[in-house]
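Participant: Sequence:
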Amino acid sequence: MDAAFLDELRGLVGAASVLHDPLQLLTYECDALPHLRESPSAVVLPASAADVQAVVRACARAGVPFVARGHGTGLSGGALPVKGGVVIALSRLNRVLEVDVENQRVTVEPGVTNLEITRQVARFGYYYAPDPSSQQVCSIGGNVAENSGGAHCLKYGFTTHHVLGVEAVLPDGEMVHLGGPLADAAGPDLLGLVVGSEGTLAIVTKVIVRILRRPEAVQTLLAAFETIDAAGGAVSDIIGAGIIPAAIEMMDALAIRAAEAAVAPNFPPADTVLIVELDGPAAEVAALFGVVREVCSRRGATAIEVAQTDDHRQRIWRGRKAAFAAMGRLSHNYYVQDGVVPRTRLPEVLGRIRRLEAASGLRIANVFHAGDGNLHPLICYDERVPGEADRAAVAAAEILSYCLDAGGSLTGEHGIGADKSRFMPQMFSPDDLDVMQRVRLAFDPGNLSNPGKVFPAPRLCGEVPGPYRRHPAEAAGLAERM
3 MDAAFLDELR
13 GLVGAASVLH
23 DPLQLLTYEC
33 DALPHLRESP
43 SAVVLPASAA
53 DVQAVVRACA
63 RAGVPFVARG
73 HGTGLSGGAL
83 PVKGGVVIAL
93 SRLNRVLEVD
103 VENQRVTVEP
113 GVTNLEITRQ
123 VARFGYYYAP
133 DPSSQQVCSI
143 GGNVAENSGG
153 AHCLKYGFTT
163 HHVLGVEAVL
173 PDGEMVHLGG
183 PLADAAGPDL
193 LGLVVGSEGT
203 LAIVTKVIVR
213 ILRRPEAVQT
223 LLAAFETIDA
233 AGGAVSDIIG
243 AGIIPAAIEM
253 MDALAIRAAE
263 AAVAPNFPPA
273 DTVLIVELDG
283 PAAEVAALFG
293 VVREVCSRRG
303 ATAIEVAQTD
313 DHRQRIWRGR
323 KAAFAAMGRL
333 SHNYYVQDGV
343 VPRTRLPEVL
353 GRIRRLEAAS
363 GLRIANVFHA
373 GDGNLHPLIC
383 YDERVPGEAD
393 RAAVAAAEIL
403 SYCLDAGGSL
413 TGEHGIGADK
423 SRFMPQMFSP
433 DDLDVMQRVR
443 LAFDPGNLSN
453 PGKVFPAPRL
463 CGEVPGPYRR
473 HPAEAAGLAE
483 RM
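3 is the number of the first residue of the sequence shown in the working numbering; add one for each residue after it.
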């Protein structure tokens, strides 16, 4: 990177807030998907929205690409740096700006953690509904970029359903305000366009979120099953009975084993456990909970554990929330995939994943939001063993093909990022991709804001894409040999 440009950045935010030493840059060369790595030319640590605006303006003038980064917990390579570019790390923008309980909203900077919003309003009887497993450490800015969900998204929706407005810096450095304090702002839904755009349209510097009142009653059940098909049948029957739980989560035996090693939730021995949570008015919850118990028993549950206290409920959820990180107890490395299938196709797709596990020789743990069919298979591998990382990447690609075959999606909440962009032509037509790219270019004609993400490369308007870019291991024929 040009020395004069680095000096300009230092002049904007202070020398201590511009990292350039290769050792300092190591932290920023990937997000939580470590098999994709790239070292940026510099990392800037702005302390305010004005700093972000100044840095983006400088990048726009110089034609330097930039990537916004939250807390680095993303799992799709969304914050992967661009060679020769700048990472704008937003971790210092971490203030809670306003807590407005009367109007059920909170205004925060993007570096505030997801769970911190609930901590701020819990004493008033409120909470923030989206709850990714990484909610203790993931940032609201990252949640907005990826449209994150969590265990309770079945009933309460994703980040986009809880964001009222944002302040954002466009790729040319202009500051804009989209949405606002009201639930339904007039005009085109530009806010909905930015949420989930993975940093390709703007850098969010302020977020207004809505908070919800704590429900009168919450009841949580853990059911153990001898097969994943039986647990999947229970999920279909619960939804088919007209019940919309706050959450329905499933974990298979390998994921249970990892959670037990990490946080000891004391789950019963099982091939699969199902966690079902209902919330709402006490009388309604009590009546529907009886139906859920009956369904689980009828589907052959070998054990049913009902949380009797809040601590008991937290223990059950601690086991589920720890599942991703807990895999480190069982495997040197693991690759988290994120695809969606219709609920009724869950048994079929999970069966294919288990056959893939046997064929690939790699252990695959399954943890997922069963209510909306959002799968999170964790593919275990050891990067120290030659070829295993490639085999894991091929297995992850194969799982995505299963999701698409079943009429599902490439992502439920982790985003496309750099990891899955090559699969976009399998899900979208050339015309679909053209429209998306035209929208992106309307915001960022210079292609400077998080370039190389979401869209297959090269991707120009009017281009007819060929087959997706294959991982080197796929090209070598490893997929066929699995």
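Hints in this document: simulated from the structure, not taken from any laboratory.
All figures in this text were calculated on a predicted structure; none of them were measured in a lab.
Even glycine gets a Cβ: it sits at the ideal position worked out from N, Cα and C.
Heads up, a few of these hints could be off.
[As the list claims (entries may be wrong)] Calculated lysine to any residue pairs in the SDA-like style (CA-CA distance at most 20 Å, straight line):
| no. | residue 1 | residue 2 |
| --- | --- | --- |
| 1 | Lys208 | His163 |
| 2 | Lys208 | His179 |
| 3 | Lys208 | Glu218 |
[Claimed, not checked] Derived Cβ-Cβ restraints for the label pairs, each shown as a range:
| no. | residue 1 | residue 2 | range |
| --- | --- | --- | --- |
| 4 | Ala188 | Pro24 | 32 to 40 Å |
| 5 | Gly363 | Ala243 | 17 to 25 Å |
| 6 | Gly244 | His22 | 34 to 42 Å |
| 7 | Gly363 | Pro36 | 17 to 25 Å |
| 8 | Val437 | Leu184 | 24 to 32 Å |
| 9 | Pro217 | Pro388 | 49 to 57 Å |
| 10 | Gly194 | Val101 | 37 to 45 Å |
| 11 | Pro271 | Pro190 | 52 to 60 Å |
| 12 | Pro432 | Arg356 | 32 to 40 Å |
| 13 | Pro24 | Pro217 | 49 to 57 Å |
Participant: Hints first: check each against the structure and report whether it holds.
Facilitator: Checked hints:
Distance check on the hinted pair: Lys208 and His163 sit about 17 Å apart at the alpha-carbon level, within 20 Å; holds. Simply put, Lys208 and His179 have alpha-carbon atoms about 9 Å apart, close enough for the 20 Å limit, and the pair holds. For the suggested pair Lys208 and Glu218, the alpha carbons sit about 31 Å apart, so the restraint of at most 20 Å is broken. Checked against the given bound of 32 to 40 Å, the beta carbons of Ala188 and Pro24, roughly 49 Å apart, lie outside it.
Checking the proposed 17 to 25 Å range against Gly363 and Ala243 shows it is violated: the Cβ atoms sit about 40 Å from each other. In this structure the supplied range 34 to 42 Å is violated for Gly244 paired with His22, their Cβ-Cβ distance being about 59 Å. Look at Gly363 against Pro36: about 21 Å separates their beta carbons, and that is inside 17 to 25 Å. About 29 Å separates the C-beta atoms of Val437 and Leu184, a value consistent with the hinted range of 24 to 32 Å.
Take Pro217 and Pro388: their Cβ atoms lie about 52 Å apart, and the range 49 to 57 Å holds. Restraint check, Gly194 to Val101: a C-beta distance of roughly 25 Å breaks the suggested window 37 to 45 Å. Checked against the hint of 52 to 60 Å, the C-beta distance between Pro271 and Pro190 comes to roughly 54 Å, which is consistent with it. Between Pro432 and Arg356 the C-beta distance comes to about 35 Å, which sits within the given range of 32 to 40 Å.
The supplied range of 49 to 57 Å is met by Pro24 and Pro217, whose beta-carbon atoms lie about 51 Å from each other.
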